[in-house]
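Participant: The chain contents come next:
2 protein chains.
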Amino acid sequence: MRTVCVVGAGMSTWGEVWRKSFRQLFVDAALEAIEKSGVDHLESLYIGCMSGGLFVHQEHLGSLMADYLGMAGIPATRVESACASGGLAVRSAYIEVASGMSDIVMASGVEKMTDCHGDDASAALATAADQEYEVFHGATFPGLYAMMAHAHMAKYGTTRQMLTAISVKNHFNGSMNPVAQYPFKVKPETVESSVMIADPLRILDCSPITDGAAAVILTTEEIAKKLGKPYIKIIGSGAATDTIQLAQRADMTTIKAATLAADRALRMAGKTLKDVNFAEVHDCFTIAELVILESIGLYAPGKAGAAILAGETALDGKFPINTSGGLKSKGHPVGATGVAQVVEVYKQLTGQAEGGRQLKSRPKIGMTQNMGGSGGSSVVHIMEVA
Amino acid sequence: MRTVCVVGAGMSTWGEVWRKSFRQLFVDAALEAIEKSGVDHLESLYIGCMSGGLFVHQEHLGSLMADYLGMAGIPATRVESACASGGLAVRSAYIEVASGMSDIVMASGVEKMTDCHGDDASAALATAADQEYEVFHGATFPGLYAMMAHAHMAKYGTTRQMLTAISVKNHFNGSMNPVAQYPFKVKPETVESSVMIADPLRILDCSPITDGAAAVILTTEEIAKKLGKPYIKIIGSGAATDTIQLAQRADMTTIKAATLAADRALRMAGKTLKDVNFAEVHDCFTIAELVILESIGLYAPGKAGAAILAGETALDGKFPINTSGGLKSKGHPVGATGVAQVVEVYKQLTGQAEGGRQLKSRPKIGMTQNMGGSGGSSVVHIMEVA
Numbered sequence: 015m016r017t018v019c020v021v022g023a024g025m026s027t028w029g030e031v032w033r034k035s036f037r038q039l040f041v042d043a044a045l046e047a048i049e050k051s052g053v054d055h056l057e058s059l060y061i062g063c064m065s066g067g068l069f070v071h072q073e074h075l076g077s078l079m080a081d082y083l084g085m086a087g088i089p090a091t092r093v094e095s096a097c098a099s100g101g102l103a104v105r106s107a108y109i110e111v112a113s114g115m116s117d118i119v120m121a122s123g124v125e126k127m128t129d130c131h132g133d134d135a136s137a138a139l140a141t142a143a144d145q146e147y148e149v150f151h152g153a154t155f156p157g158l159y160a161m162m163a164h165a166h167m168a169k170y171g172t173t174r175q176m177l178t179a180i181s182v183k184n185h186f187n188g189s190m191n192p193v194a195q196y197p198f199k200v201k202p203e204t205v206e207s208s209v210m211i212a213d214p215l216r217i218l219d220c221s222p223i224t225d226g227a228a229a230v231i232l233t234t235e236e237i238a239k240k241l242g243k244p245y246i247k248i249i250g251s252g253a254a255t256d257t258i259q260l261a262q263r264a265d266m267t268t269i270k271a272a273t274l275a276a277d278r279a280l281r282m283a284g285k286t287l288k289d290v291n292f293a294e295v296h297d298c299f300t301i302a303e304l305v306i307l308e309s310i311g312l313y314a315p316g317k318a319g320a321a322i323l324a325g326e327t328a329l330d331g332k333f334p335i336n337t338s339g340g341l342k343s344k345g346h347p348v349g350a351t352g353v354a355q356v357v358e359v360y361k362q363l364t365g366q367a368e369g370g371r372q373l374k375s376r377p378k379i380g381m382t383q384n385m386g387g388s389g390g391s392s393v394v395h396i397m398e399v400a
Numbered sequence: 015m016r017t018v019c020v021v022g023a024g025m026s027t028w029g030e031v032w033r034k035s036f037r038q039l040f041v042d043a044a045l046e047a048i049e050k051s052g053v054d055h056l057e058s059l060y061i062g063c064m065s066g067g068l069f070v071h072q073e074h075l076g077s078l079m080a081d082y083l084g085m086a087g088i089p090a091t092r093v094e095s096a097c098a099s100g101g102l103a104v105r106s107a108y109i110e111v112a113s114g115m116s117d118i119v120m121a122s123g124v125e126k127m128t129d130c131h132g133d134d135a136s137a138a139l140a141t142a143a144d145q146e147y148e149v150f151h152g153a154t155f156p157g158l159y160a161m162m163a164h165a166h167m168a169k170y171g172t173t174r175q176m177l178t179a180i181s182v183k184n185h186f187n188g189s190m191n192p193v194a195q196y197p198f199k200v201k202p203e204t205v206e207s208s209v210m211i212a213d214p215l216r217i218l219d220c221s222p223i224t225d226g227a228a229a230v231i232l233t234t235e236e237i238a239k240k241l242g243k244p245y246i247k248i249i250g251s252g253a254a255t256d257t258i259q260l261a262q263r264a265d266m267t268t269i270k271a272a273t274l275a276a277d278r279a280l281r282m283a284g285k286t287l288k289d290v291n292f293a294e295v296h297d298c299f300t301i302a303e304l305v306i307l308e309s310i311g312l313y314a315p316g317k318a319g320a321a322i323l324a325g326e327t328a329l330d331g332k333f334p335i336n337t338s339g340g341l342k343s344k345g346h347p348v349g350a351t352g353v354a355q356v357v358e359v360y361k362q363l364t365g366q367a368e369g370g371r372q373l374k375s376r377p378k379i380g381m382t383q384n385m386g387g388s389g390g391s392s393v394v395h396i397m398e399v400a
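Protein sequence lines correspond, in order, to chains A and B.
Just so we're aligned: the first sequence equals residues 15 to 400 in my numbering.
Just so we're aligned: the second sequence equals residues 15 to 400 in my numbering.
So that you can see chain A by itself, here it is in the shape it has in the complex (with noise of 0.2 Å):
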């Protein structure tokens, strides 16, 4: 397999954006990560999308886009996984350069949610569990990510100031992210006063509905280098899948896909997590946060939460987690989630992260981790300076 570079990134305004359309959320990142890439075409074109048919009723989403980016006729394949599609949409890209089928190829996400067609949009996002043992009884996604955080509190301990302190952290990590749908700090009291979701979730426990789009183009070493714009490599890449249903899985506390993902991430890399120096995690929930990373192994079972309130993951911690702003205050278009990832440990490795974000320790190894529904999978890849 070919080594395969990042070079270039793009993303949309992030937000309720009831001036442009889902194709031109799309468009707009795009031409973004083809002008700070310098590539004169594209080879073939990934999408992530959870669902263009019940948020816009529109699915065809290769020949649209790629039709609407004035680049019909190029191959044009949708991924999705749910929540974690664009981190699929990086994987199919991956290993579409790394097979030699194609040298130039962009990995892009969107999701349009806040003019959702037919039912509201939590009930589009409730088809990421499964259909008939779930959603038929009533279950949503804050209703699960509640039930894991119960679970969690019983069996570690894990307190409300834990949870509080995830999202003070996102949300001081997003107001500098300039792309950022909620780009503001705020108080553990004011997250700890926020509207109870579904207890013990509350609001700012919980990441928005977001209209948004995210592009990354990949291909390889030798291309990268003459393109002469700033590059970094993808060195490893998993995936992993877990039951849909969170009433089937052994233990609620832990979420069996990352862990997966992250070891076939790590293993493809030749790396262990010693050797990472920071990653974007799939903070739906703050409690998915602090489930992540006892997870992907960064810290034991129940030890993670004393960590984040010694500000270990903060950013100027040992291990920064979501310097982007995380999905709590960065937003979340579903489809695209898992491509602005990528995004941001582009821009953190190669030192473009604006707003004063920009991690002052130089990293060299970054990590995402993308998450589909409650866990049913999961998508780890793990980047690395040129």
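Every clue listed holds true.
Some chain A residues judged to face chain B by a derived CB distance under 7 Å, without partners named: (1) G67; (2) A90; (3) I109; (4) T255; (5) G387.
Pairwise CB distance ranges (calculated): (6) A:G87 x B:T286: 19 to 29 Å; (7) B:E236 x A:A324: 49 to 59 Å; (8) A:E368 x B:D289: 53 to 63 Å; (9) B:F150 x A:G52: 34 to 44 Å; (10) B:S375 x A:D134: 51 to 61 Å; (11) A:R174 x B:R33: 46 to 56 Å; (12) A:P315 x B:A261: 57 to 67 Å; (13) B:P315 x A:G87: 17 to 27 Å; (14) A:D134 x B:G284: 45 to 55 Å; (15) B:D213 x A:A137: 32 to 42 Å; (16) A:A324 x B:G52: 52 to 62 Å; (17) B:E236 x A:G87: 34 to 44 Å; (18) A:E146 x B:I217: 31 to 41 Å; (19) B:E236 x A:K288: 32 to 42 Å.
These are computed hints drawn from the structure, not numbers from a lab.
Since we're looking at a predicted model, the values are computed, not measured.
For each residue, glycine too, the CB sits at the ideal point set by N, CA and C.
Since the structure of chain A is provided, determine the placement of chain B on it from the hints.
Facilitator: Chain B in isolation, oriented as in the chain A frame:
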């Protein structure tokens, strides 16, 4: 890139399948493919599906299907390109095996269309067209293909009898296919007196709404040999897009995405159409089959109709088309169709086609052509006996 083989294929029941769920259809096809291939595990899974969201209100298909197959843990990716989703699932699995990332990968497709959630199936299918510029103004696929038929008739003198001959031929072939949804012959006068859907297309010009799944196992040649089961080689894979809107194309009587995809697949295989013995093509409407045969270069523009009337594409003709019965007779569960085309080529090339439809000519090379929307995307594979 490594040589990739198809070893083992499976199909669920196709039709209006009220007693089996979405997931069960997939599992039926997948288990048959696993059993026939003799593999004892999968390393990755691809699922072609157009709209789990709109048809059955279920996304996150990688997690769901890997889980219900008893294989939670493996990477699983759902790919979508409207009715070409299945072809792209095969292509994605092909790239993954060719790259060296995985050795044993399942490519599958599934759609459950007859118990459509919310809108009717036609509205769900219309999301493969441009929602803002086609569907909003009332266009549906029978209407779009009817326009192509009128344009072809006006330009080349294509007749009702030519379209009729396609329906009659495909139903004849399908009458010998045990999994076909409509496994019966039809008379020309029945086609021509059937109810009008969108002039000039009648109901017997249209492929049906179908529940069904299909699956194939892709692996390396080394493993295929060891398994000791019949296998074939994939020697070419081509994919392409075109404008999603029919109205934006220079010529409505040809499908450029099919031309591009076929050219790319043949070039990769180092073959020309003269080397190919038979093909499964995307006859979502009778006119589609006619236009595709011209678009891929089997006949000059305007010449396919007369050749079809002369029996050249019949089971005993010089270039048999849709020996399976095609979408018209076999059925068209949109995400599964592209995989089922590969199932038919696998069966024909390994001498396993049932019911008397096995080609007597001992074919050596077969082609599949799968298509999304009104030709906004197309995927072509070339396969050869091992």
